[in-house]
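Participant: Put chain B on the given structure of chain A with help from the hints.
So the chains spell out like this:
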Amino acid sequence: MIYLDNAATSWPKPQGVSAAMSECLNEYGANPGRGGHRLSLQAGRALLETRDLVAELFGVKDSAQVVFTLNVTEALNLAIKGVTQPGDHILISGMEHNAVARPAFSLADKGIETTIAPCSATGLLDPADVEKNMRDNTKLVCINHASNVTGTIQPIKEIGKIARKHEALFLVDCAQTAGVLPIDVEKSGIDLLAFTGHKSLLGPQGTGGLYINPEVEVSPLKQGGTGSHSELMEQPEIMPDKFESGTPNTVGLVGLGAGIRFIMKEGMDKIRRHEQRLTRELVAGLKKREEIILYGPASPEKQTAVVSFNLRGLEANEVSFILDQVFDIATRSGLHCAPLAHQTIGTMEIGTVRLSPGYFNTIEEMKAVLDALVTIEREGSTYE
Amino acid sequence: MSDSSAIFTFPTTHHALKAEQVLKSAPFKATIIPVPRELTSLCGLAIKVDPAYQTVAEQTLADSGVKIDQVFILPQQRRGSLGLF
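Going line by line, the protein sequences match chains A and B.
Residues are numbered in my numbering as their position in the first sequence, beginning at 1, plus a constant of 346.
Residues are numbered in my numbering as their position in the second sequence, beginning at 1, plus a constant of 2.
Watch out, some of these pointers could steer you wrong.
[What the hints assert, rightly or not] Only pairs whose alpha carbons sit at most 27 angstroms apart, straight line, appear in this in silico BS3-like list of lysine-lysine:
#1 A:K478 <-> A:K503
#2 A:K533 <-> B:K69
#3 B:K26 <-> A:K611
#4 A:K407 <-> B:K69
#5 A:K407 <-> B:K50
#6 B:K69 <-> A:K568
[As the list claims (entries may be wrong)] Incomplete in silico selection of chain A near chain B, CB under 8 angstroms:
#7 G379
#8 G382
#9 K407
#10 A410
#11 G573
#12 H575
#13 I584
#14 D587
No lab work stands behind these hints: they were computed from the structure.
C-beta: ideal position from N, C-alpha, C; glycine also.
Bound conformation, chain A alone (with noise of 0.2 angstroms):
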């Protein structure tokens, strides 16, 4: 099997993850801040271990400020519905996935409108898009910082400097680049980060979270029982507690931890440099091919390890099944969740092939996968 769907889900993950997890389970697996006794703290540890992983690799000061939350969806929920007010603006890109759509048009029933800064053909916004878009109500200004899609790479830093001008909040959604690119809160002027455990920070599903910066005012979207402040019958205030009620995914979020401390320990810029080769080698040998439409950027420079393209005469569900049942080759097509950015790149009614290879991929496997559409073009027909 060549896994090629590393932007659904990284996999394989690597060796520590299990490991870590499964010590966890079978040796401390106790409710984490519940209580005294010497499991739960261990618990306890392990999450504030993992806590503090997220807060170096975002370059967030104090990891308080960082909330778990079961995937980057329920973060991006939390931060979109936590700061906006009726009569508020919200302003996203035209590269967003549903996990940012969806919410903030979900708010127009409450006097909240959402507008959306267009993208170019390969998915990048200009700054000077962000900027022309922005409304004296605009709260906040919610940005994919590389597409699910076409792995095309915004500017956050541009379009953070523009948001803090306007004295709007800024929201960055990293589900794609989170463990692959280097980000810094404050370089880029992020007040709310989500992200997501289980892609590039090669941790397991169900592990996710948003750093909320301290002088934002967020709303929790759930009340419940935090282990702290129990006599009290409203919400306590203090980080992290406000965000995490319920007993949290302790045995997923210590595998977050291994994943992340796999990438410390091999280094994020080697990591993203294999993925860029991988990501050049699928791209040239994809352009070559008449019979092949690429989109996005089609250079690893500008975008994460993720390739669309559709082969003509053959529709993308079609080349994703033969790709996986005669090739074994797992793929991903259709719109990814993202029908805005297939608005933007032409799209819409037809979808993608989306290959998006991960660092346990090799250059031999992206010329597998070269070769298998070269004989599904030729055969085609016979598929059919």
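Facilitator: For chain B alone, kept in the frame of chain A given last:
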């Protein structure tokens, strides 16, 4: 050994465990304990240090940005025969 203890309480478990982590490298003993019943605290965990090190512990935690709720001085002799507190 002093006949009293300085008990640090914290707003959340995160801060109590962070305090334990920060004080691990300190040249004095800082032990994580459940909050003694006579104290009111926002979370169930506290840190116990010898009162002689109260000020330096407070300073170390402040330098590391760990939020303290309160510091109490409690006598040791009223503790049970197992002497853990």
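Participant: Check each numbered hint against the structure and report the violated ones by number, ascending.
Facilitator: Hints that this structure does not satisfy do not exist here, as all of them hold.
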